[in-house]
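Engineer: Please take these sequences and the hints and turn them into a complete structure.
There are 2 protein chains.
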Amino acid sequence: MRKKSILLAGATALFLSTPALAYNHDPLALQAKALQDDVAYDIVEGLTTEIGARQAGTEAEARARDWAVAKLNTLGFSNVRSEPYMMPTWIRGKETAAVISPFPQQLAVTALGNSGSTGDKGLSAEVVYFATLADLVAAPEGSLSGKIAFVSHAMKPTQDGSSYGAFGPARFVGPNIAAKKGAAAIIIRSAGTDYHRNPHTGNTNFEKGVTPIPAGALSIPDAENLERMFARGKPVKLNLLLTPQNIGQQPSGNVIAELPGSDPSLGMIVIACHLDSWDLGTGAIDDGAGCAIITAAAKQVMAAGQAKRTIRLLWAGAEEVGLWGGNAYGEAHKGDNHALAMESDFGADRVWRVEFNLPEGASALADQVTTALQPPGIGRGQQKASGGADVQAIIKNGNLAVIDLQQDGTRYFDLHHTPDETLDKIDPEQLRQNVAAWTTVLSIVANSDADLTMAPAE
Amino acid sequence: MRKKSILLAGATALFLSTPALAYNHDPLALQAKALQDDVAYDIVEGLTTEIGARQAGTEAEARARDWAVAKLNTLGFSNVRSEPYMMPTWIRGKETAAVISPFPQQLAVTALGNSGSTGDKGLSAEVVYFATLADLVAAPEGSLSGKIAFVSHAMKPTQDGSSYGAFGPARFVGPNIAAKKGAAAIIIRSAGTDYHRNPHTGNTNFEKGVTPIPAGALSIPDAENLERMFARGKPVKLNLLLTPQNIGQQPSGNVIAELPGSDPSLGMIVIACHLDSWDLGTGAIDDGAGCAIITAAAKQVMAAGQAKRTIRLLWAGAEEVGLWGGNAYGEAHKGDNHALAMESDFGADRVWRVEFNLPEGASALADQVTTALQPPGIGRGQQKASGGADVQAIIKNGNLAVIDLQQDGTRYFDLHHTPDETLDKIDPEQLRQNVAAWTTVLSIVANSDADLTMAPAE
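Order-wise, the sequence lines are chains Y and U. Counting along the first sequence from 1, when you hit position 92 you're at 92 in this note's numbering, and nothing is skipped either side. Counting along the second sequence from 1, when you hit position 9 you're at 9 in this note's numbering, and nothing is skipped either side.
If you are wondering where the hints come from, they were derived from the structure by calculation, not from laboratory data. A quick note: this is a predicted structure, and the numbers were derived from the prediction, not measured. Do not take every clue at face value.
Below, computed lysine to aspartate or glutamate pairings styled on EDC-like, alpha-carbon distance capped at 20 Å [said to hold, decoys possible]:
1) U:Lys-156 x Y:Asp-160
2) U:Lys-234 x Y:Glu-50
3) Y:Lys-94 x U:Asp-120
4) U:Lys-234 x Y:Glu-45
5) Y:Lys-237 x U:Asp-120
6) U:Lys-237 x Y:Glu-59
7) Y:Lys-396 x Y:Asp-427
8) Y:Lys-384 x Y:Asp-160
9) Y:Lys-234 x U:Glu-50
Derived coverage of chain U by chain Y (criterion: at least 3 residues anywhere in the stretch with Cβ under 8 Å from a Cβ of chain Y; other residues may be distant) [to be verified]:
10) 223–234
11) 419–426
Where is the CB? At the ideal position from N, CA and C, for every residue including glycine.
Structural biologist: So this is what it looks like as structure tokens:
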């Protein structure tokens with residue numbers, strides 16, 4: 001029953017929307033062409049091979065910006081430039097963890113972004129086990145004095161990535177909570193879903209006035225090994241060595257490029273990804289793939305001839321460490337004539353769902369997009385589109401319309417923020433399906449003169 | 001057609017062999033019981049949790065011997081003891097690799113056993129690429145002076161592990177060849193089949209008179225990244241830092257246990273595994289699983305009542321670094337009354353094939369074993385059984401009969417000698433199938449008074 005009604009809705013959308021819109025482009029023809037795309041793979045192959053890891057605020061990110069400017073110029077985009085800003089920068093040091101007793105052995109650990117340092121000699125202390133973050137929250141104040149908290153969890157793969165929201169807080173806020181309870185340090189089970197000895201890094205944040213404690217993530221096999229040690233009932237003592245440093249304000253920047261439209265009075269479409277990556281992998285998945293997808297799609301639209309609306313590409317800097325690039329863009333460009341924002345930042349696997357946040361008057365446009373996305377296997381979701389991290393500021397500042405092309409995240413958290421985040425993890429066919437989906441949406445929206453002005457935010 | 005003839009051969013074997021043998025045990029009843037075994041998992045879970053990595057010649061291997069003696073005593077085996085010997089020991093130091101130009105980035109590297117040291121400052125040199133070991137062999141003498149050789153290959157997974165024989169020589173002999181051609185160092189694509197940033201270690205050997213050069217393995221994603229850099233046509237310069245040391249003669253040892261038979265005049269069955277592991281993983285697969293399988297099977301036989309032949313368990317030391325344990329056993333016990341040798345040292349995945357090297361007069365015994373192994377899905381192979389690494393010396397010294405239970409190696413070289421070699425990689429159901437196969441063979445052979453004396457070696 002449900003299936004039938006969905007099919008009917010699709011057919012209705014097709015009949016309703018087709019006559020309502022005018023096109024310079026044939027979106028389905030562009031979609032078919034984009035399914036043969038090689039530009040996206042070329043971009044992510046080049047970025048991972050010629051730059052690799054590109055942590056925000058480092059010289060590697062600066063080299064990546066130069067690389068991006070050159071690549072976007074070569075591809076024929078207009079107004080390609082870097083927009084610099086400064087940001088506080090934290091860098092990794094040495095990192096080891098070793099069980100001292102009762103079962104001496106090394107554990108695979110990595111520091112979380114903003115972790116404090118143990119000093120060069122490391123820190124030896126008893127470990128207190130918490131099966132969940134809620135258990136840590138429930139621990140009495142002061143009960144962790146001088147100890148290392150160990151927080152585990154049960155994160156499992158989900159297609160929509162919702163498990164990250166459920167279990168990611170062990171990383172996002174666990175260290176701050178442990179610090180406030182007097183812990184000397186914290187280790188967490190990586191916020192990930194794989195079974196490789198590659199811990200997942202990622203930022204953690206300490207409240208103002210809370211001194212950062214050393215905070216590391218264990219690989220999942222190591223976290224489970226440690227849990228087995230606790231199950232044997234003896235006190236567990238660990239030596240933790242993490243020597244990250246804060247190196248102060250460093251240069252970062254956004255890279256921007258444009259595909260000018262024929263009618264500047266129509267608001268532009270800003271499409272985003274982020275150029276920075278964590279330092280452990282080569283940033284193939286997070287978010288080289290995103291930059292590859294949005295750029296290849298814009299290039300497909302470019303090849304079809306000028307559209308009405310300008311498409312602006314934002315390869316944001318410094319997403320991983322606090323959305324510095326997206327915030328800088330949002331501030332610098334809040335006066336620009338934006339109409340709609342989109343972002344690709346969830347790997348390279350196929351788009352499975354489209355979601356909208358458009359004004360009510362643009363429902364025909366949403367129906368048109370929905371229908372055009374059916375050939376590559378994409379259904380319409382019922383959630384309100386919210387955009388990616390790098391367009392949050394400009395969406396808020398400009399009260400922008402949003403379309404989300406949701407990617408399959410089933411294996412995303414096997415790789416996210418690990419050393420394993422490398423080119424070989426990209427499936428070229430699924431990458432092309434992303435380009436086709438993006439090309440479809442851009443070709444429709446960039447040629448639409450529908451009013452995309454959102455009602456004032458409540 | 002082929003299938004039919006195989007079925008008929010099995011049926012014939014059943015009718016021929018059943019009346020020819022006498023049993024204290026019912027092998028198929030024991031097999032069914034062994035399919036419910038929990039002893040094997042308990043052993044490998046305990047060894048990896050309570051000891052973890054246990055490199056030969058280190059104090060971790062000594063702790064593992066104590067653990068093994070305690071466990072084998074607890075399980076009720078007789079004559080449990082360590083048999084010590086001394087051996088030269090090489091230990092890992094710091095290890096990093098970084099492309100200096102044209103595309104600066106870190107590569108994941110690990111030192112091969114017996115690698116030389118670069119010294120604490122590392123070694124910076126141009127890299128010379130060889131797509132195969134044959135290409136390195138073909139390089140002119142002296143052409144590598146002062147350079148780092150990089151040897152790649154195309155190893156792919158195989159069920160019988162034969163790809164290791166085909167592509168492993170890049171590790172086994174590549175460094176010696178490069179050293180003789182004047183290379184300052186060598187890096188190889190790991191002898192493995194996975195795509196994780198976990199390089200595969202393993203021993204390499206230098207001929208007498210050849211000074212060991214620094215020799216490392218890159219993870220496969222890193223090796224492919226380096227190949228892509230070469231494909232761009234510019235010279236590649238690398239800094240390699242490997243600081244392993246030889247720490248001289250250190251204690252190692254074998255652990256031996258027995259299940260005494262009722263008729264000491266019948267030669268005993270020696271069943272082997274190795275206790276040592278490489279230092280990077282926890283030795284779950286190589287070879288904690290093997291010790292777990294042979295021991296759990298012997299325990300199943302023990303529970304069924306005394307058999308005719310003695311079964312001796314050899315948990316060999318120092319296999320990975322040169323078969324020191326197997327050689328020490330072969331020398332110390334060459335006068336013992338052995339009849340047959342078997343080993344489990346190829347992971348924890350299911351047995352798919354049985355092979356024999358028995359005297360001609362014992363063909364009914366081979367047929368009986370073959371038939372009894374059909375319920376757990378095991379077919380008979382046509383290769384001559386040769387035994388594992390730790391029983392090579394005693395097979396040669398004693399001219400012993402051999403039965404091989406070949407395990408599925410399709411995913412073995414995803415894990416072999418990497419940090420990823422952890423408990424979670426063991427499938428409890430496949431582990432139990434191994435125990436059932438071993439229990440079946442042991443219960444038949446240990447109750448057989450067939451003459452297993454091999455014809456003199458040619």
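Engineer: Would you mind marking each hint as holding or not holding in the structure?
Structural biologist: Status of the hints after comparison with the structure:
no., hint, result
1, U:Lys-156 x Y:Asp-160, "violated (33 Å)"
2, U:Lys-234 x Y:Glu-50, "holds (12 Å)"
3, Y:Lys-94 x U:Asp-120, "holds (16 Å)"
4, U:Lys-234 x Y:Glu-45, "holds (17 Å)"
5, Y:Lys-237 x U:Asp-120, "violated (31 Å)"
6, U:Lys-237 x Y:Glu-59, "holds (19 Å)"
7, Y:Lys-396 x Y:Asp-427, "violated (34 Å)"
8, Y:Lys-384 x Y:Asp-160, "holds (14 Å)"
9, Y:Lys-234 x U:Glu-50, "holds (12 Å)"
10, 223–234, "holds (count 5)"
11, 419–426, "holds (count 6)"
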